[in-house]
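So the protein lines, in turn, are chains W and B. Note that our numbering gives residue 206 to position 206 of the first sequence, counting from 1, and the numbers run on in steps of one. Note that our numbering gives residue 233 to position 233 of the second sequence, counting from 1, and the numbers run on in steps of one.
No lab work stands behind these hints: they were computed from the structure. Be aware that a few hints might be false.
One copy or two, either will do: identical chains are not told apart, so a pair holds if it fits within one copy or between any two.
[Stated by the list, open to error] In silico lysine to any residue, SDA-like type, Cα no more than 20 Å apart, as pairs:
#1 LYS18 / PHE48
#2 LYS47 / PRO97
#3 LYS140 / GLY107
#4 LYS131 / LYS154
#5 LYS47 / SER17
#6 LYS237 / ASP226
#7 LYS221 / SER135
#8 LYS18 / GLY49
#9 LYS154 / MET1
#10 LYS18 / GLY297
#11 LYS275 / MET80
#12 LYS275 / PHE50
#13 LYS154 / LEU202
#14 LYS154 / GLU30
#15 LYS47 / GLU295
#16 LYS223 / LEU246
#17 LYS47 / ASP276
#18 LYS240 / MET80
#19 LYS47 / GLY297
#20 LYS186 / TYR300
#21 LYS131 / ASN51
#22 LYS18 / LYS47
Protein chains: 2
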Amino acid sequence: MSFELTILGSSSALPTSKRFPTAHLLKVDERFFLIDCGEGTQVQLRKFGFNPCRIHHIFISHLHGDHVFGLFGLLSSMGMLGRKVALNLYGPDTLEPMMKQHFGFFGSLPFEIRYHVPSPDVDLPVFEDEKLQVSPIRLKHRTTTFGYLFQEKKRALNMRKESIEKYGLGIADVVRIKQGSDHVTKTGEIISNQRLTLPPFLERSYAYISDTVFLPSISEKLKGVDLLFHEATFANKDEKLALATLHSTALQAATLAKAAGAGKLLIGHFSSRYKDYKLLVEEARTVFRDTYGVEDGDRYSLEQRRETTE
Amino acid sequence: MSFELTILGSSSALPTSKRFPTAHLLKVDERFFLIDCGEGTQVQLRKFGFNPCRIHHIFISHLHGDHVFGLFGLLSSMGMLGRKVALNLYGPDTLEPMMKQHFGFFGSLPFEIRYHVPSPDVDLPVFEDEKLQVSPIRLKHRTTTFGYLFQEKKRALNMRKESIEKYGLGIADVVRIKQGSDHVTKTGEIISNQRLTLPPFLERSYAYISDTVFLPSISEKLKGVDLLFHEATFANKDEKLALATLHSTALQAATLAKAAGAGKLLIGHFSSRYKDYKLLVEEARTVFRDTYGVEDGDRYSLEQRRETTE
Chain W
1 MSFELTILGS
11 SSALPTSKRF
21 PTAHLLKVDE
31 RFFLIDCGEG
41 TQVQLRKFGF
51 NPCRIHHIFI
61 SHLHGDHVFG
71 LFGLLSSMGM
81 LGRKVALNLY
91 GPDTLEPMMK
101 QHFGFFGSLP
111 FEIRYHVPSP
121 DVDLPVFEDE
131 KLQVSPIRLK
141 HRTTTFGYLF
151 QEKKRALNMR
161 KESIEKYGLG
171 IADVVRIKQG
181 SDHVTKTGEI
191 ISNQRLTLPP
201 FLERSYAYIS
211 DTVFLPSISE
221 KLKGVDLLFH
231 EATFANKDEK
241 LALATLHSTA
251 LQAATLAKAA
261 GAGKLLIGHF
271 SSRYKDYKLL
281 VEEARTVFRD
291 TYGVEDGDRY
301 SLEQRRETTE
Chain B
1 MSFELTILGS
11 SSALPTSKRF
21 PTAHLLKVDE
31 RFFLIDCGEG
41 TQVQLRKFGF
51 NPCRIHHIFI
61 SHLHGDHVFG
71 LFGLLSSMGM
81 LGRKVALNLY
91 GPDTLEPMMK
101 QHFGFFGSLP
111 FEIRYHVPSP
121 DVDLPVFEDE
131 KLQVSPIRLK
141 HRTTTFGYLF
151 QEKKRALNMR
161 KESIEKYGLG
171 IADVVRIKQG
181 SDHVTKTGEI
191 ISNQRLTLPP
201 FLERSYAYIS
211 DTVFLPSISE
221 KLKGVDLLFH
231 EATFANKDEK
241 LALATLHSTA
251 LQAATLAKAA
261 GAGKLLIGHF
271 SSRYKDYKLL
281 VEEARTVFRD
291 TYGVEDGDRY
301 SLEQRRETTE
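Could you put together the complete structure from these sequences and hints?
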């Protein structure tokens with residue numbers, strides 16, 4: 001069961017020859033979730049070996065070009081590749097009229113687009129199924145902007161395979177045991193649930209925070225997140241510029257990661273004014289040691305781990 | 001005095017990891033002309049070492065995504081880079097309303113855009129100055145489409161530098177001599193123009209033909225073109241598909257190059273169905289030997305040559 005993030009584009013507004021504009025691809029159990037879609041995302045998908053047609057959900061943080069200009073080409077190519085199944089687009093309420101206006105000039109697609117708008121006031125999930133939920137996190141930037149928190153759902157206990165045969169368990173027994181019950185044998189012996197089951201896999205989570213001014217308050221919503229991406233457009237010496245443009249510094253990203261008790265912090269969206277982003281990583285590490293600066297093509301995998309049994 | 005074409009993107013509608021969508025950059029005497037602007041053109045410009053802000057003229061063949069989706073990001077980046085000078089956009093009459101609609105959502109730019117629409121009926125130049133003229137060539141595709149012919153203008157004779165001193169020529173003498181006159185010395189000796197001047201540099205030309213169904217009639221307009229790019233989406237066995245989609249085969253491109261007496265034929269915009277484009281080049285070479293298949297990053301330079309003196 002995979003949980004893998006691939007950085008498709010890591011630049012800020014101005015791409016370089018090595019950094020494409022922002023796009024992240026999250027793979028959860030063979031499903032692909034695209035998060036933002038800067039210019040050239042379809043090229044990056046191909047470069048890193050992903051089939052664009054396997055993406056059914058695209059989450060857009062905000063309608064600035066460096067986060068969204070790749071949608072036109074990606075969706076057009078999906079149509080040319082014969083896509084028939086619906087595509088879900090999540091993002092601010094201006095996304096739908098913008099896309100519809102675009103299709104008015106360039107023609108409609110051979111598949112349906114379903115638009116989903118996060119509530120601006122409450123953090124109700126915008127996507128949810130039996131395994132995963134995605135919640136928007138309202139950010140503060142120069143236009144309506146959302147981060148997204150991807151959380152696996154609490155899993156059931158796993159049966160120890162050998163116990164099924166050993167105790168001759170039926171389906172009804174297994175259902176009860178997976179819900180936490182002990183088992184009573186025909187001879188009246190009580191077999192504790194712990195002897196019959198393995199603890200469930202821990203729920204993994206990824207949060208994508210870009211672009212925003214430093215918002216300490218969102219640490220509550222990010223409590224215990226395993227993998228946190230936070231924009232870090234500026235170095236500490238340019239903190240005023242960060243505030244003026246409603247962006248964050250690397251140090252602020254680290255401060256948030258620490259407050260949230262995150263497992264690992266990824267920073268990116270570096271301003272092209274910095275020749276080397278190592279300074280930004282160093283600044284962040286003074287506050288949060290497990291910080292990494294991302295580059296196009298980087299992959300971060302979260303392994304499946306079980307709750308430790310006492 | 002340079003005349004150099006760089007292929008920024010050579011794919012057809014579906015880009016691959018090695019081929020970006022269509023964009024060509026023509027450099028004439030330190031001026032840069034961008035021709036079509038597929039997604040990722042700004043990234044390709046940087047990759048191949050060009051400053052996007054040095055481009056003041058962009059020629060769009062038609063409003064299909066693979067020829068135009070890079071405009072949004074390129075123009076946005078020009079704005080962020082502090083561009084103040086006007087940018088000229090040439091293309092079908094739908095280009096201006098499409099761009100204006102786009103800016104309605106993403107905000108206007110800090111520089112003026114001047115739109116120029118080729119006449120659909122006559123081939124009046126859309127750009128002209130003392131050195132160069134650019135003429136549209138009406139093509140036949142699924143939407144209004146123009147090719148563009150870049151032609152250097154007839155140059156004046158060049159003075160042989162040593163003759164100025166030798167005969168004590170004044171400015172008025174030089175002007176007359178450069179217009180073709182002989183020179184009469186104070187002693188009445190007639191110095192022939194050929195002894196005083198070098199023949200002018202030959203006018204170089206480049207034609208960009210994409211996308212179109214095979215149009216033999218345009219060979220007249222392309223007579224003697226030095227460098228001809230012609231789309232070659234399909235191999236000969238798919239000629240019917242070419243006709244159905246209003247595209248051309250490599251063989252048809254070569255037939256046109258031969259009829260026009262072109263110097264060199266470049267083909268590209270290959271359908272991604274062909275794993276190897278060598279077949280298409282081979283088919284073209286059966287009719288026109290000087291055919292080359294283009295790849296992203298290819299550069300083709302036309303040297304300055306003088307008319308040969310008899």
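The hints, checked one at a time:
1. In this assembly of identical chains, LYS18 and PHE48 lie within 20 Å of each other by CA distance both inside one copy and across copies; the values are 14 Å within and 12 Å between.
2. For the identical chains of this complex, LYS47 and PRO97 are neighbours neither inside a copy (31 Å) nor across copies (34 Å), given an alpha-carbon limit of 20 Å.
3. In this homomeric assembly, LYS140 and GLY107 come within 20 Å of each other (Cα to Cα) only across copies, at 19 Å, whereas the closest approach inside a single copy is 34 Å.
4. Proximity of LYS131 to LYS154 under the C-alpha cut-off of 20 Å is restricted to the intra-copy arrangement: shortest distance 8 Å within a copy versus 71 Å between copies.
5. Taking identical chains as interchangeable, the C-alpha atoms of LYS47 and SER17 lie at most 20 Å apart whether they share a chain (14 Å) or sit on different chains (5 Å).
6. Taking the closest pair of Cα atoms, LYS237 and ASP226 never come within 20 Å of each other, the shortest separation being 29 Å inside a single copy and 55 Å across copies.
7. In this assembly of identical chains, the alpha carbons of LYS221 and SER135 lie at most 20 Å apart only when taken from the same copy (10 Å versus 60 Å across copies).
8. When the C-alpha separation of LYS18 and GLY49 is checked against a cutoff of 20 Å, the pair qualifies both within a copy, at 18 Å, and between copies, at 13 Å.
9. Proximity of LYS154 and MET1 under a CA criterion of 20 Å is satisfied intra-copy only: 14 Å inside one chain copy versus 69 Å between copies.
10. Both within a single protomer and between protomers do LYS18 and GLY297 lie at most 20 Å apart by alpha-carbon distance, with minima of 10 Å and 16 Å respectively.
11. In this assembly of identical chains, LYS275 and MET80 lie within 20 Å of each other by CA distance solely across copies; the values are 18 Å between and 39 Å within a copy.
12. Taking the shortest alpha-carbon separations for LYS275 and PHE50, only the inter-copy value of 18 Å comes in at or below 20 Å, while the best intra-copy value is 30 Å.
13. For the homomeric pair LYS154 and LEU202, the shortest alpha-carbon distance inside one copy (7 Å) is at most 20 Å, but the shortest distance between copies (76 Å) is not.
14. For a Cα distance limit of 20 Å, the shortest separation of LYS154 from GLU30 inside one copy, 18 Å, qualifies, whereas the shortest one across copies, 63 Å, does not.
15. With identical chains, the CA atoms of LYS47 and GLU295 are at most 20 Å apart both within one copy (14 Å) and between copies (16 Å).
16. In this homomeric assembly, LYS223 and LEU246 never come within 20 Å of each other (Cα to Cα): the closest approach is 23 Å inside a single copy and 57 Å across copies.
17. When the C-alpha separation of LYS47 and ASP276 is checked against a cutoff of 20 Å, the pair qualifies only between copies, where the shortest distance is 18 Å, while the shortest distance within a copy is 24 Å.
18. Within a single copy, LYS240 and MET80 get their C-alpha atoms only as close as 46 Å, which misses the 20 Å cut-off; across copies the closest is 19 Å, which meets it.
19. When the C-alpha separation of LYS47 and GLY297 is checked against a cutoff of 20 Å, the pair qualifies both within a copy, at 9 Å, and between copies, at 17 Å.
20. Neither within a single protomer nor between protomers do LYS186 and TYR300 lie at most 20 Å apart by alpha-carbon distance, with minima of 49 Å and 86 Å respectively.
21. In this assembly of identical chains, the alpha carbons of LYS131 and ASN51 never lie at most 20 Å apart, being 23 Å within a copy and 48 Å across copies at closest.
22. Taking CA atoms no more than 20 Å apart as the test, LYS18 paired with LYS47 passes in both settings, with 13 Å inside one copy and 8 Å between copies.
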